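Chemist: Here is how the chains run, residue by residue.
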Amino acid sequence: MSADRILQFELARLNAHLPDQQITLKDALSSLNPQVVAKDGSKHKFERMELEYISKIVHADDWDKLRLPILIGVNPKLGRGTAEISGEVEVKVISQVLGKTCRDQEIVIYRPEIAVVRAKLPTTTQYFFMVG
Amino acid sequence: MAKTIGVTPTRMELLKLKQRVSLAQKGHDLLHEKMDALVIEFFGIVKRIREVRAGTMQQLSSAYRALSICFAMQGTIETYQAAREVTKVAEVDISTRHVMGILVPVVEAKPIERHALARGYGIHTTSSTLDDASREFERALGDLIKLAELEEGAREIALELEKTKRRVNALEYVILPNLKSMVKFISMRLDEMERENFSRLKRIKAMLEGRE
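Chains A and B are the protein sequences, given in the same order.
Under the numbering used here, the first residue of the first sequence carries the number 1, and numbering increases by one thereafter.
Under the numbering used here, the first residue of the second sequence carries the number 1001, and numbering increases by one thereafter.
Okay, chain B solo, but in the shape it has when bound (with noise of 0.2 angstroms):
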């Protein structure tokens, strides 16, 4: 039911609704046409999660296997051994980008991908199926961090697609429909008042020319 309880029914107060309401079709479009936006924005990077999260599983499905080869090849504790020798970590840069107002994160990782003698285990003691289970793992890692840049600007860009949704349903079905039943209460009552007053003032005018 339309609140117009507490509504003083005044030109000055009609007015003042009438500019309430332009500012909230204004706001509600404009919101409107964000909200809009968001969505190209959360289908197109949702469509990019699906190839990128596609090519990761398969990276380090490849990655697991190149694993199990090198467990059978080398043997599980000398793969551990050589694993532990390991101590350089994948170096990232996490900057920002701007989409509509959210900042959504921006991950460049250094080339993860490294020569056999970087990696820092002893290539004397060593399998080349170490080589290529670490290779694959490195690759998955790039993919990873791709993956993971990607999903938290999906999560960042959905939660703002929620907020700016319930703002946009808020002004079209809460606060213009609100503000206008005000506005036609308003019209209503002051056009009442000057019927009113034109028939009184009717009235008058007939006592008046009775009396003369």
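Same shape as in the complex, but just chain A (with noise of 0.2 angstroms):
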């Protein structure tokens, strides 16, 4: 059994890297020291230049519904290397940068597309392994 012990721990400790609660770009925007908590307690900072490049794109009305970090939900039901970005505004940033029109509230994006986002937003996006 400490094989299923072992799984379960692995399974619990995916999603550790997740913040506590996510922060506005309004908030990161005006904080000194932008960052959040993850669950396991350490710190997550957001790179000054990422949340300018994002105040760029979103409007200024937006930026108090955009949460960050941008959860990237990566869900092995939609089949290997895709993944899912919810929310109106965070699908408004990831289609911006990745060049795409998307009005839904919803997005799948797949492996290039992740690297593409991770590659130009390393610290305001988290990847969000959905086990349940």
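What the hints contain is simulated information worked out from the structure, not anything from laboratory work.
Remember, predicted model here, so these are calculated numbers, not experimental data.
Backbone N, C-alpha and C fix where the C-beta goes; we use that ideal spot for every residue, glycine too.
Accuracy of the hints is not assured; some may be wrong.
As the list claims (entries may be wrong) - Partial chain A-side listing against chain B, Cβ under 7 angstroms, derived: (1) S2; (2) L7; (3) L11; (4) A12; (5) H17; (6) Q21; (7) H44; (8) K45; (9) V116; (10) A119; (11) F129.
As the list claims (entries may be wrong) - According to the in silico footprint, chain B covers these stretches of chain A (three or more CB under 8 angstroms from chain B): (12) 74-81; (13) 88-101.
Please assemble the complex out of the two chains, which come individually in their own frames, going by the hints.
Modeler: Written as structure tokens, this is what we have:
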């Protein structure tokens, strides 16, 4: 049974890096030290350059609607290398980064696109593994 | 060879094993996704390291060239003397960022490039070549700090990647096949028992009919 316990521990650890509470882009921009505290108590800092880049993409009225970090949801049910991002403003940001047009509440992206998003927004995006 | 020794062929055990297979399969899928994501991160950071390293090497090369000129123009002893007068060291702010549970360092250096007057050595007794060399080295230091941050991040990601790969392989090639073979063994044993039971009942029925 120890293999099962290790597996359960691994599955529980998969999302330990997620923030306890997301912060809005508006708060992050106004903060001197923009960061969030993860579930495991560690800190995740946002790069100011990225925040400024996002602030140029998102209209100022939506700054308090965009919650950071943007979560890239990895769900094995969608197929290997596929991820989804939900939220109106979040989808707008990701679409802009990828040069796509999407007006839905949800966007599905694939591995090469994930690489592009992560390269452009390494601190303001985070992976979220859908375990349930 | 599959491990079927010591397995109790009961329906309860079969149910438990099926649950374990489902958990292991789910874990395998998720860990595989994590591994893929780590590979993306790793190659992304390696690409950046290559770019930053090339820039750093170029910067260091021009810094050493400037230092050689400084040695030639100002003299080695005077240059060393001026270097000893520089007291301030670069200030860095080290924080962290998460990459799937891995804490990757973020090193932010306060502006390293300074004005000639702020460096600490006397400008009356030194040549302008020393200023050039100092400026080039300050730029190189900034690049080296960035490179150190990226290399440490790559090292951490590589370690996690290795660990995850080992777990995925253990699940794929050891745990899941073992569990599946145990499920198969119990199913076959239960089927066999059912068939035995059926034929026993048929025989008993035939015997009873024969007696009547």
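Chemist: Which earlier hints can't be squared with this structure?
Modeler: Numbers 1, 4, 6, 9, 13, in rising order.
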